[in-house]
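There are 2 protein chains.
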Amino acid sequence: MAFEEFRPLDEKSLVEYIKAVPSLSSKLENKFDDLTIKEVGDGNLNFVYIVVNSAGSFVIKQALPYVRSLGESWPMTKERSYFEARALKEHGRLNPEHVPEVYHVDHIMSLISMRYLEPPHIILRKGLVAGNEYPLLAEHISEYMARTLFFTSLLFRSTTEHKRDVAEFCGNVEMCRLTEQVVFSDPYKVSQYNRWTSPYLDHDAEAIREDNVLKLEVAELKSKFCERAQALIHGDLHTSSIMVTRESTQVIDSEFAFVGPMGYDIGAFLGNLILAFFAQDGLAREGNDRKAYKEWILKTIEDTWNLFHYKFIVLWDEHKESSGEAYLPGIYNNPEVQQLLQKTYMTDLFHDTLGFGAAKMIRRIVGVAHVEDFESIADASKRATCERRALELAKTLLKERRKFQSITEVISAIQKI
Amino acid sequence: MAFEEFRPLDEKSLVEYIKAVPSLSSKLENKFDDLTIKEVGDGNLNFVYIVVNSAGSFVIKQALPYVRSLGESWPMTKERSYFEARALKEHGRLNPEHVPEVYHVDHIMSLISMRYLEPPHIILRKGLVAGNEYPLLAEHISEYMARTLFFTSLLFRSTTEHKRDVAEFCGNVEMCRLTEQVVFSDPYKVSQYNRWTSPYLDHDAEAIREDNVLKLEVAELKSKFCERAQALIHGDLHTSSIMVTRESTQVIDSEFAFVGPMGYDIGAFLGNLILAFFAQDGLAREGNDRKAYKEWILKTIEDTWNLFHYKFIVLWDEHKESSGEAYLPGIYNNPEVQQLLQKTYMTDLFHDTLGFGAAKMIRRIVGVAHVEDFESIADASKRATCERRALELAKTLLKERRKFQSITEVISAIQKI
Chain H
1 MAFEEFRPLD EKSLVEYIKA VPSLSSKLEN KFDDLTIKEV GDGNLNFVYI
51 VVNSAGSFVI KQALPYVRSL GESWPMTKER SYFEARALKE HGRLNPEHVP
101 EVYHVDHIMS LISMRYLEPP HIILRKGLVA GNEYPLLAEH ISEYMARTLF
151 FTSLLFRSTT EHKRDVAEFC GNVEMCRLTE QVVFSDPYKV SQYNRWTSPY
201 LDHDAEAIRE DNVLKLEVAE LKSKFCERAQ ALIHGDLHTS SIMVTRESTQ
251 VIDSEFAFVG PMGYDIGAFL GNLILAFFAQ DGLAREGNDR KAYKEWILKT
301 IEDTWNLFHY KFIVLWDEHK ESSGEAYLPG IYNNPEVQQL LQKTYMTDLF
351 HDTLGFGAAK MIRRIVGVAH VEDFESIADA SKRATCERRA LELAKTLLKE
401 RRKFQSITEV ISAIQKI
Chain V
1 MAFEEFRPLD EKSLVEYIKA VPSLSSKLEN KFDDLTIKEV GDGNLNFVYI
51 VVNSAGSFVI KQALPYVRSL GESWPMTKER SYFEARALKE HGRLNPEHVP
101 EVYHVDHIMS LISMRYLEPP HIILRKGLVA GNEYPLLAEH ISEYMARTLF
151 FTSLLFRSTT EHKRDVAEFC GNVEMCRLTE QVVFSDPYKV SQYNRWTSPY
201 LDHDAEAIRE DNVLKLEVAE LKSKFCERAQ ALIHGDLHTS SIMVTRESTQ
251 VIDSEFAFVG PMGYDIGAFL GNLILAFFAQ DGLAREGNDR KAYKEWILKT
301 IEDTWNLFHY KFIVLWDEHK ESSGEAYLPG IYNNPEVQQL LQKTYMTDLF
351 HDTLGFGAAK MIRRIVGVAH VEDFESIADA SKRATCERRA LELAKTLLKE
401 RRKFQSITEV ISAIQKI
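Protein chains in written order, with UniProt numbering: chain H, 1 to 417; chain V, 1 to 417.
So here's chain H without its partners, still in its complex pose:
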């Protein structure tokens, strides 16, 4: 422990800190003369330092006790750093290829050091705005989701293991409360934090606040988010929580982790891909109409769900004799009932995914936090047109999600708008 109590680090005190922590200074072979430190936190909640010298590198992420962009007026528990580290390590153990290695954790300082994801790694959302294709993205992220969700659910775990994690992650309540507010509540009411592309979407925002059916559906999803302890989820799996190259996919920023509904993670990812899709018309330029890119996004959406489904079922079949409490082999080991229950389970999960995905889309258009995909469209009228299409799809998905039988039908619905 380098410091006895929490203090926000700056580039100077960070060097002191590193010198005092052997696991960090040894990564740099204790050489501090050629050290470079860069603060790169573009998020709202943290300082993120990249530390590099000729011998090695790492990232230092320190949680601050408030939402950075809103200043100290929106306090945020810095204990989230503990849960981020806990989830990073657990998900990393299950997916070492898709989660950066954790080098050092300091709960008092609300600080984590982890692998520096060196260039050309960039935030996936920036890649989507730039129009880059990532041929392995669906393969990788479906692997990540299938493994994190399956192995931390009652399909694999005993009740004892499950309740231990449920209890521990109840401590991350402040982050859950933030999600409840900004995803499931604020967009459906008048809130000082809401914003949208005004005046173009004024009517659309109002229509959401007055749509009783939509509000009933979002209440049901909120209940699931608050009450259903299904798996240890990432809790914020949008396209800015993923760093990519053409060969690598790395999931970061798990400070919202808790034991919640699986569909919230899958929906976050797919919903944000759908936002990226609808932004493309606004990002098109002379000589690059983005038509082929839109097709790639749609294919990635389709592949992600289908690969997830496939991999999840493979894990289930492989581990059906495990200690998972949900479906004991003594009851469910005949092939017919096994198939029936997998179908029921995956159908429910698909509908949860569509609902949560839709809620995540809506909140990015009429809520507090917007996405670069749309924000990069300078022309407000053009941006509003893109956003309105995304809203339209999201409302359909949220209200009629139980009618969708396959991801192909979702793709068709996207294309129809």
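Warning: the hint list may mix true and false statements.
[What the hints assert, rightly or not] Below, computed lysine to aspartate or glutamate pairings styled on EDC-like, alpha-carbon distance capped at 20 Å:
1. V:Lys224 - H:Glu161
2. H:Lys294 - H:Glu409
3. V:Lys343 - H:Glu400
4. H:Lys320 - V:Glu210
5. V:Lys224 - H:Glu220
6. H:Lys27 - H:Glu118
7. V:Lys399 - H:Asp348
8. H:Lys27 - H:Glu101
9. H:Lys320 - V:Glu220
10. V:Lys38 - V:Asp10
11. H:Lys343 - V:Asp211
12. V:Lys399 - H:Glu336
13. H:Lys399 - V:Asp348
14. V:Lys343 - H:Asp211
15. H:Lys399 - V:Glu336
16. H:Lys294 - H:Glu392
17. V:Lys320 - H:Glu210
18. V:Lys189 - H:Glu321
19. V:Lys320 - H:Glu220
20. V:Lys343 - H:Glu210
21. H:Lys189 - V:Glu336
22. H:Lys224 - V:Asp348
23. H:Lys343 - V:Glu400
24. V:Lys343 - H:Glu220
25. H:Lys343 - V:Glu220
26. H:Lys224 - H:Glu400
27. H:Lys299 - H:Asp289
28. V:Lys294 - V:Glu133
Since the hints were derived computationally from the structure, they do not count as laboratory data.
Given chain H, put chain V in place with the hints provided.
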């Protein structure tokens, strides 16, 4: 604290214990010459002593680290006593008229002292076997259920309060595991603990183990039991967890309490009343055909649900401006949406209630623990006939619960068998 470490008390050491605990000895005005102590635990899990002298009285309940009737071969955590006391106090705070007052709690000794429910209080199940009517039962138990479930749910509570209880009661995991096994698993597979009225019900028990649809439905209920943190439930609200007179209804034995699905409590009560109904034909004697009594049971089932529904909605309407996280007034305060969501919520709860009630019925006929209602029928063939009717109804309720629109339809289904 009278003793430094756990030891099972007997009638002699209990006196020593009481002498060493001022809150207990003062109840007896420190007089020990006219003391009577009677061990009355007819349950499986505990010693229960009634302590009375001329000055006062109380009950001492001590949890043992195994299931008493199965000896030390089925270990049971004695920490359940902590959760029993915790739930008794919380539910008692919400319903002082229907929960006995707690006088003293000793976690080391796994011991609770509470009000002695003096005669003519008897266990409700015994009253049902005897054919006694309790004109206030539906009124009282619906009040108890409406208040315990409403005030400990997100309809009234903030996420912070909710997750605090969820986390704490995750510690009662051993009791949840016991329920998972004996209610949701063992009856649907071959298990050394299962028993039934053999040979009459051999085929019925086998049919349950081979009914794929039934097993799918029970898996869904088990998931809800394991994953859905809806309210601080009693966890074992059958008719032996309730003591009654014509004027008084008292809920005891909350050692299975945790934050779980509301329908599990309501279903336990109603399911056990339905078992009592089907037992009556076997309990009929010359001169008492129990026909009128069966009508009273049906009326009590109907009244309990209807009164619960009414009281729950009244609480909801009264507290819709509370800090409950589920439906924020800023979103859901127009009468139309409020009515819609109450309807959806109560319909779901009704279907959960029927499902859990049915599961509780099935497990009492083909699982480890049977009920006195049927066990009192000495003629095995006659008993089997009663049990088979109850099984038939339970299977219908479990598989087709979503088709039932009202409790009246359930009553009709009971009458038709």
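Hint check results:
no.: 1; hint: V:Lys224 - H:Glu161; in the structure: holds (17 Å)
no.: 2; hint: H:Lys294 - H:Glu409; in the structure: holds (17 Å)
no.: 3; hint: V:Lys343 - H:Glu400; in the structure: holds (19 Å)
no.: 4; hint: H:Lys320 - V:Glu210; in the structure: holds (19 Å)
no.: 5; hint: V:Lys224 - H:Glu220; in the structure: holds (15 Å)
no.: 6; hint: H:Lys27 - H:Glu118; in the structure: holds (15 Å)
no.: 7; hint: V:Lys399 - H:Asp348; in the structure: holds (18 Å)
no.: 8; hint: H:Lys27 - H:Glu101; in the structure: holds (13 Å)
no.: 9; hint: H:Lys320 - V:Glu220; in the structure: holds (17 Å)
no.: 10; hint: V:Lys38 - V:Asp10; in the structure: holds (10 Å)
no.: 11; hint: H:Lys343 - V:Asp211; in the structure: holds (17 Å)
no.: 12; hint: V:Lys399 - H:Glu336; in the structure: holds (17 Å)
no.: 13; hint: H:Lys399 - V:Asp348; in the structure: holds (18 Å)
no.: 14; hint: V:Lys343 - H:Asp211; in the structure: holds (17 Å)
no.: 15; hint: H:Lys399 - V:Glu336; in the structure: holds (17 Å)
no.: 16; hint: H:Lys294 - H:Glu392; in the structure: holds (18 Å)
no.: 17; hint: V:Lys320 - H:Glu210; in the structure: holds (19 Å)
no.: 18; hint: V:Lys189 - H:Glu321; in the structure: holds (15 Å)
no.: 19; hint: V:Lys320 - H:Glu220; in the structure: holds (17 Å)
no.: 20; hint: V:Lys343 - H:Glu210; in the structure: holds (19 Å)
no.: 21; hint: H:Lys189 - V:Glu336; in the structure: holds (16 Å)
no.: 22; hint: H:Lys224 - V:Asp348; in the structure: holds (13 Å)
no.: 23; hint: H:Lys343 - V:Glu400; in the structure: holds (19 Å)
no.: 24; hint: V:Lys343 - H:Glu220; in the structure: holds (13 Å)
no.: 25; hint: H:Lys343 - V:Glu220; in the structure: holds (13 Å)
no.: 26; hint: H:Lys224 - H:Glu400; in the structure: holds (17 Å)
no.: 27; hint: H:Lys299 - H:Asp289; in the structure: holds (18 Å)
no.: 28; hint: V:Lys294 - V:Glu133; in the structure: holds (10 Å)
Checked against the numbered hints listed earlier, the structure breaks none of them; every hint is satisfied.
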